[in-house]
Amino acid sequence: MKFKHSFNVFIDNFAVTYKVLLYRLVILLLCACLYTAVIFPFMSRISDTTQVAALSEAFAEFGRAFANLEFETMQSSWSSIRSAFAELFEMLGNMVGSVVLTVVIVVLVYLVQRFLLGLGNYTAGAVINDRMAMRAHSPFIGTLIKNLGKASLYNAIYVPLSTLYDVIIVVAVGGVVYGLGVMDTPLLLLIFLAATALIFLMVIKMSFTCDWLPSLVYGKKNNRQAIAYSFDYTAKNKNFAAVLSNFIVLILIIVAMNVAAVFLTFGAGLFLTLPASYVILICFEFTNYCDNNEVKYFIDKNTVVKPEREPVMTRERFFRGED
1 MKFKHSFNVF IDNFAVTYKV LLYRLVILLL CACLYTAVIF PFMSRISDTT
51 QVAALSEAFA EFGRAFANLE FETMQSSWSS IRSAFAELFE MLGNMVGSVV
101 LTVVIVVLVY LVQRFLLGLG NYTAGAVIND RMAMRAHSPF IGTLIKNLGK
151 ASLYNAIYVP LSTLYDVIIV VAVGGVVYGL GVMDTPLLLL IFLAATALIF
201 LMVIKMSFTC DWLPSLVYGK KNNRQAIAYS FDYTAKNKNF AAVLSNFIVL
251 ILIIVAMNVA AVFLTFGAGL FLTLPASYVI LICFEFTNYC DNNEVKYFID
301 KNTVVKPERE PVMTRERFFR GED
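Taking the numbering used here, I'd label the letters of the sequence shown as residues 1 to 323.
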C-alpha cells in the first residue's frame, strides 16, 4: 500500500514538480557557469593534444555503435577507450599541479551545488508534508525562506556524508569493472554488473536515510534525533525489507522513465522526468514515515489514510501539536 499511496501523494502534489524544476534549473545554470570558468582554461590547454583527440574519437565511435546496436563494434570501441584513457592519464601525470587545483575547485563547486539542490529537496518535502497533513498550499519560495536554517543544517550534514558514500561506491564499482574489463569481460556484462551494483548500493543508502528528512519536517526532531531514528529504526524494523524492495522498484521505474525520455523525446522529456524523480522519492519517504508511525495523512482532497488504531490524544500530545 505504501507504493500505491506514494504515487497518489505524488499525483496530488504534481505541481511541486514544476517548482522543483525551476529551482533546479536556476541552481544548475549558476553552477554550470562556475564549472565553465574553472574547467575551460584547463581544457583549452589539453584540447589539442593527440591523447584527447584519440579519446574523443573512441567515445564517438562507441556512441555510433551504441545507437546502431552494433555490439561487436562497441566491444572494440571499449578497448580503444581504455587505451586512450591510459595515455591521457600518463600525459596528465606531467601536469599534477594544474590537475589537482582544478579537481579541488570542481569538487568544491560540486559540493555547493549539491547543498543548494538539497535545500530544494528539503523545501519540496516541507511543501508535500503541509499538503499531506493539512491540505495546505504552501508557497515554495516562502517555505524555503522559512526553513532555510533547518534545511541548511540538514544539508551541511547530509551532503558530505552522502557524497563520501557515493564516491566510495563509484570508485569501488569502477575498480571492479576496470579489473573485469582488463580480463576481456563482454561489455554488455560489464554494463549490467555496474548498473546492478550501483543501483543496489544507492538503494541501501536511501533505505537507511529514508526517515531522516520526514523526522525533521513532520516529526519535529533535531538532526541528531532524526539520524538516530532513521538508522536505528530502519535497521531493526521488520519493514526494512519492504522499504528496500520499494526503493528498488522506484529506482528501476525512475531509470526506465528517464531513459525513455532520452530516446523517445530526444531528451526534452528530462525537463519533467528528472524533477519528478526527486518528488516521487520524497513522497515515498513521507508516506513510509506516516505509515510506520500510524498517523493520518491526505493522499487527495477526498481521501484520508488512517491507521487501524488511532493513538489516544493525551494532554501532552495535544500541547506538543501531535496528531
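Treat the hints as calculated values from the structure; they're not laboratory data. All values derive from a computational prediction rather than experimental measurement. We put the CB at the ideal spot given by N, CA and C, even for glycine. Treat the hints loosely; a few may be bogus.
In silico DSS-like pairs for lysine-lysine, Cα to Cα no more than 25 Å straight-line [as the list claims (entries may be wrong)]:
1) Lys306 / Lys205
2) Lys301 / Lys205
3) Lys2 / Lys306
4) Lys301 / Lys2
5) Lys296 / Lys306
6) Lys146 / Lys205
Cβ-Cβ distance ranges computed for the label pairs, FRET-style [to be verified]:
7) Leu188 / Thr303: 11 to 21 Å
8) Gly97 / Phe200: 52 to 62 Å
9) Val99 / Asp166: 49 to 59 Å
10) Ala197 / Leu69: 47 to 57 Å
11) Thr185 / Tyr110: 23 to 33 Å
12) Val99 / Asp300: 49 to 59 Å
13) Ser138 / Ser76: 33 to 43 Å
For the pair valine 99 and aspartate 166, does the Cβ-Cβ distance stay inside 49 to 59 Å? For aspartate 166 against valine 99, whose Cβ atoms are near 21 Å apart, the range 49 to 59 Å is violated.
Regarding leucine 188 and threonine 303, is the given constraint of 11 to 21 Å on their beta-carbon distance met? Cβ of leucine 188 to Cβ of threonine 303: about 45 Å, so the range 11 to 21 Å is violated.
Okay, threonine 185 versus tyrosine 110 on CB: inside 23 to 33 Å? holds (30 Å)
Holds or violated: the 33 to 43 Å window for the beta-carbon distance between serine 138 and serine 76? Taking Cβ atoms as reference, serine 138 and serine 76 lie about 55 Å apart, which means the hint is violated.
When you take the CB atoms of alanine 197 and leucine 69, is the distance between them in 47 to 57 Å? violated (24 Å)
With the threshold set at 25 Å, check whether the alpha-carbon distance from lysine 146 to lysine 205 stays at or below it. The given pair, whose Cα atoms are some 28 Å apart, is violated under the 25 Å limit.
Run the distance test for lysine 301 versus lysine 2: straight-line Cα separation, threshold 25 Å. Distance ~18 Å between lysine 301 and lysine 2 Cα, so the pair holds.
Starting from the hint 52 to 62 Å, judge whether the C-beta atoms of glycine 97 and phenylalanine 200 obey it. Taking Cβ atoms as reference, glycine 97 and phenylalanine 200 lie about 38 Å apart, which means the hint is violated.
Under the criterion that the straight-line Cα-Cα distance not exceed 25 Å, is the pair lysine 301, lysine 205 satisfied? violated (33 Å)
Given the hinted pair lysine 306 and lysine 205, is their Cα-Cα distance within 25 Å? violated (29 Å)
Against the range 49 to 59 Å, how does the distance between the Cβ atoms of valine 99 and aspartate 300 compare: consistent or not? Holds: the Cβ-Cβ distance is about 53 Å, inside 49 to 59 Å.
Is it true that the CA of lysine 2 sits at most 25 Å from the CA of lysine 306? holds (13 Å)
Figure legend: structure checked against the earlier numbered hints; hints not met, in rising order: 1, 2, 6, 7, 8, 9, 10, 13.
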